[in-house]
Amino acid sequence: MSADSFLPLPNPSSTPWAGVPEFPARDFLAASAGELDRGGRLCSWFGVPEGGAVRIVAVIAFDNENTLEVARSEPLRGSYPALTATHPQAHLFEREIWEQHGLEPKGHPWLKPVRKDRGAGPAVGNFFRVDGSEIHEVAVGPIHAGIIEPGHFRFQCAGEEVLHLEIALGFQHRGIEEALPGGPHRASLSQIETASGDASIAHATAYATILETLAGGEAPLRAQWIRVLALELERMANHTGDIGALAGDVAFLPTASACGKIRGDFLNLTAILCGNRFGRGLVRPGGCRHDLEPERLARLGRLLAPAIADAEEASRWFWDAASVRSRLEDIGIVTPRQATELGLVGPAARACGLVRDIRFDHPAGWYRFAQPQVAVWPGGDVFARARVRWLELQRSGRFLTDELGNGPEGEIQAEIAPAAPDALAIALVEGWRGEVCHAALTGADGRFRRYKIVDPSFHNWTGLALALRGQAISDFPICNKSFNLSYCGFDL
Amino acid sequence: MFVLDSISHRMRRGCQTMAYPDGPAPALPDRHGGALRVEPGRCPEGCGECIPVCPTQAIARPPGGTAALDLGRCIFCAACVEACPHGAIVQTGDYRLAARKREDLVLGGKGNEEVRLARALDEKLRRLFGRSLRLRQVSAGGCNACEADINVLGTIGWDLGRFGIQFVASPRHADGLVVTGPVTRNMELALRTAYNAVPEPKIVIAVGACAIAGGPFVDSPEVRNGAASVVPVDLFIPGCPPHPITILDGLLRLLGRLDEKAAGRPVQGK
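One line per chain: the protein sequences are A and B, in this order. Heads up: the first sequence begins at 1 in the working numbering, then just goes up one per residue. Heads up: the second sequence begins at 1 in the working numbering, then just goes up one per residue.
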């Protein structure tokens, strides 16, 4: 049976696998391209093994219409015409499918492994090279100078100027997706919480939402409210840290020192909720593990106000300094067109003037009732990315302050029914780096047959590579900090 | 911003570095629970309720013995505390968890109710590193939480520099490595290379459940179940991630920098 259109779905949702529209290979590519051309954005594009063949599933978001769409291909073997040739936002997804399932996207301009080394090590192999007597190559990593995750950066330079940056990741690959089929297993939730460990709440919320949706229900409202409080605290902690780190990289120490401390204050607020500074163990399928009793709520409110005030003050010093502003302006520019074509998400996209925020475009959970304003800034440079973080920090602060008083009464944990068999579920959450997309397909036994995680960093690393073009190589640190992407979230 | 503004902001904030270790340690969050303790007397034979609830397979029941809880594998989710019908596994609220030997983290049986805390380096190494320790951090599959809470030690609240401990950019400048993450196959070579680049004598510190034993990724075919499978480890600091005070305690304990007062066991909720 072949279909003629994608299936529209809200966020989150679960739908019978048999009812997901199915296209022959060429029609599937043409239909996907058509959806992207009419304003769609590729959230996920992944393979599902079937017999000896592989089906491709496409999840496309229409942000203005607040709708998601899904479709799948017929089982494919060998190769298919690459979508990347016309739609660059598919480029990593198609490399990933080739790596995971051996299905070759014919005509892909840069087909190489995403995470696995195929015996050679992630940083070994073909890199794009610029030739010429004045050209030199700079290789950095996997181990970097600071206390950060590993990755490899290969710069092609003419003097100080970077002509091209290629980013090779995969060093952090822990096999999270491979471990999930047949699950949920007892370690699954912990693995999801550490998929990108500074975005534990975002990933755990997406995972819990998937299981709740597959069970045909949702968590009690009070639990959804607590999840949102934790998610916004996670955002504020990280944005504060990022502003401090940017200040450190431009040698503006007052903000760097203060933000390092204030970031910890926000982490400690999360620890009031659940004991863990990174929110581990708070979100569970069916609800939350811990409640927010009146005394604890009052304590949270009491400590939140000065933390917000401190963060705003420390950021103001930063913005008031002309030397800081001039260091950030016109550095590492990504144009709105590039951002659209690459499918950037989160603050990196909003700093190019793109209005895209899952909390607003595809609200789920408590965001159905209240959302912070979307923070957008034009320019696409380091300044804009810092500015969007600052705006979000303030707006999340106001939102949190308001929502602390709006908690609904009731349970925090509900029994959830067994997951529906042979169903496809999708859940999107706006983490602090952007869109976290989880998709799960269950088998006849209601257990996972395939689980696909897309961290926002998967979309955004290429944005950093483009931002470096034409920059001085010494601008790499502030460009990198302005994106602050996850290595392990990409590598999974 | 004018220079005077900078100075006035700076003066207003004052000194924000904590008094520890001369003063009290910062309290753990009340829901943290701290180190676990296994009461052998309350762990009846034939009961194994805690074993299947542990996400990291940290609990075993050797034949004839009581439950053996490996805090090296533990992510402190407290599922076992909730599951135990006899109250045999209890939270102590103690932030101190670092141990020198892997087996010192395994609880269970008489005399092993709690972690056997790390003793200091021997006199020779202590003379070398006690007042100046340079460390190179290697994340080998770390999720950025252990990394973040190591970074926190460098902020003004903790000011690791006052103990002479500093993180450096090159293994050649370092006295040792701090490893986070379960050691992915793709990072094994880089970790080994970094270790070899550190001049002798050198130490290795494994921070977090992943680096000690693989954490939530234990037995994944993509990881090596922790740093000790690749390099010799001198200090294990449990947690997921360990609270910054737990990491700092471990470092100071290793260097013999804690006096009796700070090394004493704190009372829960203090």
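If you are wondering where the hints come from, they were derived from the structure by calculation, not from laboratory data. A quick note: this is a predicted structure, and the numbers were derived from the prediction, not measured. Don't take each hint at face value.
[Unchecked claim] Using C-beta positions, here's what the derived DEER-type ranges look like:
id	chain 1	residue 1	chain 2	residue 2	range
1	B	ALA197	A	PRO477	38 to 44 Å
2	A	VAL355	B	GLU103	43 to 49 Å
3	B	LEU128	A	TRP110	46 to 52 Å
4	B	SER132	A	ASP320	36 to 42 Å
5	B	LYS124	A	GLY443	56 to 62 Å
6	A	ALA322	B	GLN57	53 to 59 Å
7	B	LEU189	A	GLY443	35 to 41 Å
8	B	VAL168	A	GLY217	49 to 55 Å
9	B	GLU103	A	PRO336	55 to 61 Å
10	B	GLY23	A	ARG186	25 to 31 Å
11	B	ALA169	A	ARG186	38 to 44 Å
All residues carry an ideal CB built from backbone N, CA and C; glycine is no exception.
Worksheet item: Can you give the numbers of the hints that this structure goes against, from lowest to highest?
Response: Of the numbered hints given earlier, those the structure breaks are 1, 2 and 10, listed in rising order.
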